[in-house]
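If you want the building blocks of each chain, they are given just below.
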Amino acid sequence: SAVISQKPSRDICQRGTSLTIQCQVDSQVTMMFWYRQQPGQSLTLIATANQGSEATYESGFVIDKFPISRPNLTFSTLTVSNMSPEDSSIYLCSVDAHGGEKLFFGSGTQLSVL
Amino acid sequence: KNQVEQSPQSLIILEGKNCTLQCNYTVSPFSNLRWYKQDTGRGPVSLTIMTFSENTKSNGRYTATLDADTKQSSLHITASQLSDSASYICVVSAIGGYKLSFGAGTTVTVRA
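In order, the protein sequences belong to chains U and H. The opening position of the first sequence corresponds to residue -17 in my numbering, with each subsequent residue numbered one higher. The opening position of the second sequence corresponds to residue 34 in my numbering, with each subsequent residue numbered one higher.
Keep in mind that the hints were calculated from the coordinates and are not lab data. A portion of the hints provided could be inaccurate.
[Said to hold, decoys possible] According to the in silico footprint, chain U covers these stretches of chain H (three or more CB under 8 Å from chain U):
id, segment
1, 68 to 76
2, 98 to 107
[Unchecked claim] In the DSSO-like style, the derived pairs of lysine-lysine whose C-alpha atoms are separated by at most 27 Å in a straight line are:
id, chain 1, residue 1, chain 2, residue 2
3, H, K132, U, K(-11)
4, H, K90, H, K50
5, U, K(-11), H, K104
6, H, K104, H, K90
Glycine included, every Cβ here is placed at the ideal spot set by N, Cα and C.
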């Protein structure tokens, strides 16, 4: 299995500030995914991060708001920029290991924006 | 419209009892279906994964079934324990793509 370390686990932030979430995987993976989970709702894919190329964003998500870095095959960051209370959610990173057979998630970042 | 619908939205059961959660999907062409358990404040953890040819798969007290013809799956929890209190999420993937379709989850509360 893949072990994903995600931090911070939670944070309370002021409106207008930015927060960077980090995910470290214990093995090399080609694709890393960032999800948002709003209260009581399904997980929504924000973007797919590939090493060495720009992240691919889903409809409704833009790079200026959610810049992503993927400097190597084991690490990625997601920044939530210029936060507003509507950004309060759980943010999760995940990797698809074992040729797509297994999907592993980080422990999540509970973000509250005041 | 979400391609994965789960029911019920939530349920409460007494410790030791069984329960069954439902997942209906419209994702096509179907590749596989996964059930995840998500404890409060944690990331989802995989319980089972089933492909088109698999009808049932067990993981301890969790048993998942799949009917690919009717596009339905269920997750049965046997002899529930307090630690089973969590959200259970059904996730379906299509052939040829990495994008997954997530259900909204069923919140299970087990009471002593």
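#### Entry: Ascending list of hint numbers which this structure does not respect
2, 5
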